[in-house]
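**Student:** Sequence:
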Amino acid sequence: MRQAVTQEELEEAAGMFAALADPARLKILLRLGPGEMSVSDLTDALGEKLTTVSARLKVLYGARLVGRMRRGKQVFYHLADDHVMALVASAVDHACEDH
1 MRQAVTQEEL
11 EEAAGMFAAL
21 ADPARLKILL
31 RLGPGEMSVS
41 DLTDALGEKL
51 TTVSARLKVL
61 YGARLVGRMR
71 RGKQVFYHLA
81 DDHVMALVAS
91 AVDHACEDH
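Just so you know, we're using the UniProt record's numbering here: the sequence shown kicks off at 1 and counts up by one.
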C-alpha cells in the first residue's frame, strides 16, 4: 500500500465499505464471484423482487464494486475486478475466525 493517500481516496474507500456493510449486498457479490449474471438471474437466485435487487446493484455500481453490460434488453453484472472478491473473502474469513 502507498504511504500517501489523498482525502478523496479515503472517502472513496469509505464509500466502498459502506456499500459492503449490508449482508444482502454481500450476498450479491458472492453470487457474482464465479462470473456475470443478469438482473433476472440474480433475482431468481436470491428469491427477491426485481426492484430490490436493482436497488442493491445500483449501490454496488455506484461504489465501483460491480460493472455492468447491456446485451439486448438484459443487463449483466460482474465484479469490477479481483480486488472486490478479495475484500469480501477477507471480511468473511475475518468474521469466521475464532475470537
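Worth flagging that the hints you see were computed from the coordinates, not collected in a lab. If you're wondering where the values come from, they're calculated on a predicted model, not measured in any experiment. Mixed in with the good hints there might be a few duds.
Unchecked claim - Restricting the straight-line Cα-Cα distance to at most 20 Å, the calculated cross-link-like pairs of lysine to any residue (SDA-like) are:
1) 73 to 23
2) 73 to 33
3) 27 to 11
4) 27 to 87
5) 27 to 4
6) 27 to 82
7) 27 to 71
8) 73 to 63
9) 27 to 38
10) 49 to 23
11) 49 to 87
12) 58 to 44
13) 27 to 40
14) 27 to 9
15) 49 to 74
16) 27 to 73
**Student:** Tell me if the straight-line CA distance from residue 27 to residue 11 falls inside 20 Å.
**Tutor:** Cα-Cα ~24 Å, so violated.
**Student:** Would you mind confirming whether the straight-line C-alpha gap from residue 73 to residue 33 stays at or under 20 Å?
**Tutor:** It is violated: about 23 Å lies between the C-alpha atoms, which goes past 20 Å.
**Student:** Given the hinted pair residue 73 and residue 63, is their Cα-Cα distance within 20 Å?
**Tutor:** Measuring from Cα to Cα gives roughly 24 Å; hence the hint is violated.
**Student:** Is residue 27 close enough to residue 71, meaning Cα to Cα at most 20 Å?
**Tutor:** violated, 24 Å
**Student:** If you draw a straight line from the CA of residue 27 to the CA of residue 38, is it 20 Å or shorter?
**Tutor:** With a Cα-Cα distance of about 15 Å, the restraint between residue 27 and residue 38 holds, given a limit of 20 Å.
**Student:** Please work out if residue 27 and residue 4 have their alpha carbons no farther apart than 20 Å.
**Tutor:** violated, 33 Å
**Student:** With the threshold set at 20 Å, check whether the alpha-carbon distance from residue 49 to residue 87 stays at or below it.
**Tutor:** Distance ~27 Å between residue 49 and residue 87 Cα, so the pair is violated.
**Student:** Sort out whether residue 82 lies within 20 Å of residue 27, counting only the CA atoms.
**Tutor:** holds, 16 Å
**Student:** Against the 20 Å threshold, does the CA-CA distance of residue 27 and residue 73 hold or violate the hint?
**Tutor:** violated, 25 Å
**Student:** Within 20 Å, alpha carbon to alpha carbon, are residue 27 and residue 9?
**Tutor:** violated, 26 Å
**Student:** Given the hinted pair residue 27 and residue 40, is their alpha-carbon gap at most 20 Å?
**Tutor:** holds, 15 Å
**Student:** For the pair supplied as a hint, residue 27 and residue 87, confirm whether the alpha-carbon distance does not exceed 20 Å.
**Tutor:** holds, 13 Å
Of the numbered hints given earlier, the model fails hints 1, 2, 3, 5, 7, 8, 11, 14 and 16; all others are met.
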